[in-house]
Structures are given as C-alpha cells and as structure tokens.
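Peer 1: Residue numbers (the numbering used here), protein chains in the order written: chain C, 14 to 356; chain A, 5 to 371.
Hints are not guaranteed to be accurate.
If you anchor each label on the Cβ, the simulated ranges turn out as follows [claimed, not checked]:
{"no.": "1", "chain 1": "A", "residue 1": "Glu268", "chain 2": "C", "residue 2": "Glu163", "range": "44 to 50 angstroms"}
{"no.": "2", "chain 1": "A", "residue 1": "Arg304", "chain 2": "C", "residue 2": "Arg138", "range": "48 to 54 angstroms"}
{"no.": "3", "chain 1": "C", "residue 1": "Gly327", "chain 2": "A", "residue 2": "Pro138", "range": "49 to 55 angstroms"}
{"no.": "4", "chain 1": "A", "residue 1": "Met49", "chain 2": "C", "residue 2": "Lys314", "range": "28 to 34 angstroms"}
Quick partial rundown of chain C residues pointing at chain A, CB under 8 angstroms, derived from the structure [stated by the list, open to error]:
{"no.": "5", "residue": "Leu146"}
{"no.": "6", "residue": "Arg150"}
{"no.": "7", "residue": "Asn156"}
{"no.": "8", "residue": "Leu168"}
{"no.": "9", "residue": "Val169"}
{"no.": "10", "residue": "Arg171"}
{"no.": "11", "residue": "Lys313"}
{"no.": "12", "residue": "Ser356"}
These are computed hints drawn from the structure, not numbers from a lab. Note that CB positions come from ideal geometry on N, CA and C, so glycine has one too.
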Amino acid sequence: MDMGENVLRAARYPFLPEAREFVSKHIDLSLESLEKTGSEAVLKRAVERVKDALILKEVRVMPQHESNYVREMLSFPIAIILVSTIANEYIRRIYSLGESRGAYKRLLKESDEILLLIGEKLGVRGVMDSNNLIRIRIPTYLNLAYIFHEHRWKLVNRIVDKGYVWVNRMEYARLIQIEINNYVYEKTLETLPVTAVPQSFKEAAKTIVETWSRLEVARPGYAASEEKGGNPPCVSMILKRMMAGENTSHFERLVVATFMIAKGREIEEVVELFSKQPDYKYSITKYQVEHLAGLRGGGKKYSVPSCRTILANGLCHPDENCRGIKHPLSYGGKNARGQYGVS
Amino acid sequence: MPEANMEFLKREFFKYYYENLDQLVPPGPIKNREFGFFLDKSRGMLRHKCFINLDEFHNFVLNEVPLDIYVSAARYEDPSNRDMQEKKLISAELFFDIDAEPTVSESEESAWVCQNCGKYDLGTEDKCPVCNSPVERAEIVNENQLNEALKEVKKLVEVLRSDFGIDENHISVFFSGNRGYHVHVDQEEFINITAEGRREIVDYLLIQGFEEKRIMHLLKNRSFYSGDLKGIIGRIYRMILEAGGDKIPRNKRRILKQINEIIEEFKVKVDPVVTIDIHRLMRMPGSINSNSGMVKKRVRLQDLSSFNPLKDAVALGEGETVLRVKAVPRFNLGGKSFGPFKDEEVELPAYAAAYIICKGLGEYVRR
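Given only the sequences and the hints, what does the whole structure look like? Please build it.
Peer 2: What follows is the structure, encoded as structure tokens:
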C-alpha cells in the first residue's frame, strides 16, 4: 500500500490514529497558529461537518474532500473544538452521530481487508472466518452492542464459542460505527481553555448555533432538572405531549411504555398514561403494554431504546444530567449515593 | 445481640483470624480496593475503607475483629472517596452469586422466632400462633440444597470456559460461608466490561430475551450443520434434534414448549443484580460469615465434586461451649449432626455454638 492510499484513507476516516499522527506531525495544532496560518478553508470545512450532522445527521466526505486531504484531516479536530466550545449536549450528540453514521456508510463500501484494518485500528479487532462471518472477542462485542435494542444483538441470540462472537460484515461495520460515535463524543467532552479560542472560531461556532436554532431543535428548559432519579427529558417531553392529548408516534409510545415498565410501574399505571391518546382503547393498549412487558406472546420483555436510537429518531433533548450517559435508564443514577449492595 | 454472645463470637473470630491471617489476602492491588465491615450487628456497615498494604489491613482485622469483611470487586483510583463517581473505576472482576434455595419440608428442619412477642418454636409456621404477626424463619441450609447450588456452579464454570473462553486459572469458586457460592473471574479482557455488557452476560446465563423463532427457522430449513452452531442457540437446537430423533416436531406450540423446557434445564441461576452491579462489595475470601460462623472458602475446580461445604468450611474451634437454646432445628456441621433442641441448655463444640448464635437461636452461657 502506498503513501497516497494511506493518506486518502486518513482523510476519509479522520478519527484513525494515522490521521491524528499526520496532523500532529505536519501541522502545528496550537490554536494561535491555526488562526494565523490562514486556515479559513479548514474552518469552513469544519463548520460544514457540524452542519451536515445537524441537518442531514450524516457527515458527508466526497472525493473532492478526500483529495484535499490536509484540509480534510485538519477539519475534524477543528470541528471537535467548535462543538466543545458550544458546550451543548444535543450538538455534541448529534455531531458524534453524524460523524459515525457517515463513516458507517463509507465503511460498507470498503473491501473486507480495509474494513477489518480500520476496525483493528479503532480497537474493534475482527477476524474473517471461512464462512464469511467475522469473529470478534466477546468483551469487545458487549461493550458496543448493548446499545442496540433489537433482540438479534443480544448475546443469547448469537453464535458464541470460546470467547468469540460471530457477526456479518454489516453488523461489524455497525459496531465500528458505535466505537467511532463514542470516540467523537468523548472528544467533544474534553474541556478547552476558553480564553484561547480565537475570534474566528467563536464566530464559526455562532453560525452553527444559528443553524441549530433555525432547525427548531432548540427548546426552552435546558437547565438541569432538580429532581434526581426523575424521568430523563426525552421521556418527560413525550409524556407532556401525551398528557396534552397530542397524538404520538409508535416509537414514542414504545419509549414511554418500555421505560415505565423498566422502572417497575404497574401495567395498569402504564396503560393509564396512554388514556388521552386519540386512538386509545383500553383493551388494546393493555394487550400491547403486556406484550412489551413480556407477559404475552413469546414472553420477551422489550428493552428501552438507547440514547442513540432515541437521538436518531429525533427525540433526544438532553439536559446536563444526560452528560455521558448512553441509556435513558442511567439518567439521574450517576451520582446516586449509597445504593450499592454487598454479597 | 446479647453482649455475652457478641463477646463469644469476637473471641472465637479473633482466634481464627490470629491463626489464619495468611489465608486472609484480598485481591490485589490492595490500595485500589474499597473495604467494608460490619463491626457489630446494630450499626450499619463501615465502608469506603482503604488500606495501603496488607499489614495495615491485618492489623485492622485483629484490632477490630469485624463480624463480616467485604472487599470491592472493583479497583478504583481513589477507593476511600465517598462519592461513587469520584472513586474513579479502573476495572472490576466479574462476580457471580449463586444461592441455595431453601425448601423446607420436615418440621424438624425448621424453626421460627416471633419478633413481635418473642415466641419461638420448631416447625414451619408462617404466622405466630400467639400474636398472629409474621414470624422470622431460622435459615438452615442442608446438603441437598447446597448440592443443587453446586450444580449451578458447575454449569456456570462450563459456560464460562466453553462459550466465553475464560481460562480456568482465572475462574475462582468460593463457598460463601452460608447459603451458596461465589464465582470470581479476573481475566484481563473481562474485567473491563461495562455494567450494560454485564447485563448481557446475565441474560445469556439466564437465557433471557432468547428468540425462539431462530430455532423454528433452523428446524424448517435444516440448512445449518448443527455442529457448527455454537452457544446457547446451538445447544438448544441440538437438544431438539436429539430428542426428536428422525421426527422433528412440526407443531409450533409443542416446539415452543420443548424450547422452554430446555431453557429451564440449561439456564444458570445466578443472581442478576450482583453481576450487573459493578461497585458491589463482595464477601472477602477467607473471612468468616457472621450468618453462620463458617468461612468463605475457595474450592479448586478439580475439587468441586468432592467439596463438602458443611464440613470443609467450618472454621472455628472445637472447645466445649454451653449454650441456652430457644428452638434449633436439626443441622449438620463439621461432619456431625446436632439437634433438634428446644428450651434446653446444651454443650456443643464452639463452631456449632457459634452457628446457633449466628442464627439468633441461642445464648452463650459459659465455656
């Protein structure tokens, strides 16, 4: 593999270690020097990355981006700086989703060899077996796959042997996507020395915030909720709409029902929550809630969708208590004291 | 607990710890572990304790003679910090708890105490015949129940080895000292699994969220060579093929019923909460369990079949001890059978006396 190919790949996947290396080796990434070196084009591309994520929920990387590889590689750390400057939980999350989603789509087009190489570089090591399935270590799998709530991702439904679990190509790319999402998100949480951010960056960040408000994602009430152990904002907002008699989507109802069941609410209590829905019928709702609780059908209890899934469905409105959590059930539990037991 | 009882227990525990201090070694590194203690029964747990080295820990144990000693399965950067987040988790051993389920049949094997009016007797009463309030049952676990738990332990070890690929050297089995078994896994990759990932392991062991339709699909197509199919799915699929012989049941409800029966047989009955709780304190290996006076004892994997908890985990001395007992069902300990006793003064070896006192069924009189 020649240098050119490596560089193009680093531009296509700027979170790869080699991209980071390239950036640190070739370019002085201190904020002052960036300001000086006339990096207007880089800043512009960085803004584009975040706006892609906000508007399309996917950061696009076209051939023309790749060919301008220095700008492309640099734009990623700059975009991270912009997002962490804005310090808004929703923008952090949607940006990580956008980067990882874009990468997922590009990964699917790669050869097996490159797909596995990228996985390995990102710590999701896989080995292609003769049956065209990829085997990965169980701990690696568990730390990524729990985020999916479909039953097929549960370890109990997978082929498992001697510490390995088998996934297909597409599933493997999905796991890498989660790893990228986590990586980008963690990066945006790193704190910057606020005073060091150059004026041009602040202006760029402002245009991102403007785009965001134009998308009407901005809503009042972003202050951290006082009540610990209360419902996360995604659930509260759906509940509020339900109480007002607004018709809610299938997915919204699923979130509320599975969440309340997981919190240990009685079936009747959960059913009651839906009583103001325009299409409410007691018997049908009860049946459906019982089904979700695993009391009917195959006896499967449905899990609460993860933050990622809720975000992807446009229902994530995080407050400060959401910081760092990946699942609505973790909300408010982070700093809860004295809850731990002994055996 | 009456003072005489407490003094007796502390004296016996002290003797044991003094003689067996070398057995009392927490998992390392000691400075990264959180410790917890019950110093007496009336006070809550003393937790967030931390020791710099083994000597300091041993001195604490000999000075305070705790009734129970716990250590975190987790390693922390700052284990004595009272804020769980601020402790800064490094990693945590996988920890499984399998308890024997008490199934009392004969009245001789059970006793009860009424916390309301103080009445007590042998038997399987649920409510006090005098004041009608619910009674507290004395928890006596017998060999059969412990054997059932041990069967689950063997199933667990097998799944950990064959499915999870965990090396035998990284699986430690302990008798908890009272009702069941603890299994610790300290293999490098596995100690970094998140709480959510551990939930998946629990679901795997308990076979929760299993998709029967996969089995249906396999049965319909028979495309898969069943030997290639590893893990729970493979095991269930092969069982159905074997049970059916040439005739594979076609009736969907019958297959579902069969699957559920197989799941019941294959599932490993671990306590889910314990494994998922990454910050859990576990009873310290080599320490005495104050619910029984027995010790949390390591069982080597090759000894699982020959291990006799009610004999091998007896820790305290044989010294004759006089005890006034209320009502004590029959129990086996140290290879001997004791009881049933009622309203009598009995002379017993110290380990059996401690057992009765730990169960709250007797009072120490004299040596």
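Peer 1: If a hint holds in the structure, say so; if it doesn't, say that too.
Peer 2: Hint check results:
no.: 1; hint: Glu268/A x Glu163/C: 44 to 50 angstroms; verdict: violated (25 angstroms)
no.: 2; hint: Arg304/A x Arg138/C: 48 to 54 angstroms; verdict: violated (33 angstroms)
no.: 3; hint: Gly327/C x Pro138/A: 49 to 55 angstroms; verdict: holds (52 angstroms)
no.: 4; hint: Met49/A x Lys314/C: 28 to 34 angstroms; verdict: holds (33 angstroms)
no.: 5; hint: Leu146; verdict: violated (10 angstroms)
no.: 6; hint: Arg150; verdict: holds (6 angstroms)
no.: 7; hint: Asn156; verdict: holds (5 angstroms)
no.: 8; hint: Leu168; verdict: holds (5 angstroms)
no.: 9; hint: Val169; verdict: holds (5 angstroms)
no.: 10; hint: Arg171; verdict: holds (6 angstroms)
no.: 11; hint: Lys313; verdict: holds (6 angstroms)
no.: 12; hint: Ser356; verdict: holds (5 angstroms)
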